[in-house]
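Line by line, the protein sequences are chains A and B. Using our numbering, the letters of the first sequence map in sequence onto residues 1 to 110. Using our numbering, the letters of the second sequence map in sequence onto residues 1 to 114.
Be careful, since some hints might not be right.
Computed list of lysine to any residue pairs in SDA-like fashion (alpha-carbon distance at most 25 Å, straight line) [stated by the list, open to error]:
1. A:LYS54 with A:HIS38
2. A:LYS68 with A:GLY40
3. B:LYS41 with A:ILE108
4. A:LYS97 with B:VAL60
5. B:LYS36 with A:VAL44
6. B:LYS40 with A:ASN109
7. B:LYS53 with B:ARG63
8. B:LYS53 with B:GLU102
9. B:LYS36 with A:GLY42
10. B:LYS40 with A:LEU59
11. B:LYS40 with A:ILE74
12. B:LYS40 with A:GLU5
13. A:LYS55 with A:HIS38
Sample of chain B residues lacking proximity to chain A, with all beta carbon distances greater than 10 Å (derived) [what the hints assert, rightly or not]:
14. LYS22
15. LYS40
16. LYS41
17. VAL48
18. SER71
19. HIS77
Hints in this document: simulated from the structure, not taken from any laboratory. Bear in mind the structure is a predicted one, so any value in this text is a computation, not a measurement. Quick reminder that beta carbons are idealized off the backbone N, C-alpha and C, glycines included.
Residues per chain are reported as follows:
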Amino acid sequence: KNEVEQSPQNLTAQEGEFITINCSYSVGISALHWLQQHPGGGIVSLFMLSSGKKKHGRLIATINIQEKHSSLHITASHPRDSAVYICAVSYIQGAQKLVFGQGTRLTINP
Amino acid sequence: DTEVTQTPKHLVMGMTNKKSLKCEQHMGHRAMYWYKQKAKKPPELMFVYSYEKLSINESVPSRFSPECPNSSLLNLHLHALQPEDSALYLCASSQDSRQGNEAFFGQGTRLTVV
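Kindly generate the complete structure, drawing on both the sequences and the hints.
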């Protein structure tokens with residue numbers, strides 16, 4: 001069982017839909033990261049959270065430390081949002097390492 | 001400048017070749033990382049450098065040899081690789097290696113070993 005679980009693994013939606021991707025982890029963390037990876041490689045850091053909620057444009061990330069759960073929301077989704085979204089955590093112990101979820105492959109159709 | 005720059009973007013090498021991957025950042029970050037990513041899998045940590053010293057080696061085979069010549073540069077020297085080493089190699093940096101620092105990733109080098 002992966003230490004960081006994401007759901008769903010694949011998600012296809014129509015342009016304009018509200019998107020939610022979930023991430024659960026098993027032990028105490030120092031921070032949770034949401035990352036975006038487009039086909040062809042590079043990873044972009046979207047958010048780093050240790051509590052509460054952050055918003056950047058159409059993207060919103062929330063974290064519930066007690067429930068060990070985080071969500072990434074995309075409002076008014078657009079085909080250019082199509083990418084793999086990866087949740088990663090840095091644990092309180094071994095803070096140098098990021099532990100990654102398996103990723104959620106999002107496809108937004110026009 | 002919030003970029004991590006990796007070169008080359010693509011590399012094809014034979015199993016007897018020696019090549020190097022390069023990574024550069026000018027954000028003043030003192031922690032730098034090498035990750036390996038196979039298709040449709042999450043990145044796997046290979047090495048961590050903290051203040052130009054190797055602090056983590058995730059039991060990586062010796063055919064991969066990292067080097068950190070200064071605080072802005074990170075190299076990965078490759079020698080006698082196997083076809084199964086073909087992957088996307090990602091470099092990342094963070095302010096330092098303490099808890100919860102944001103990681104900045106490069107675009108990766110797509111390596112094919114033939």
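Hints breached by this structure
2, 15, 16, 17
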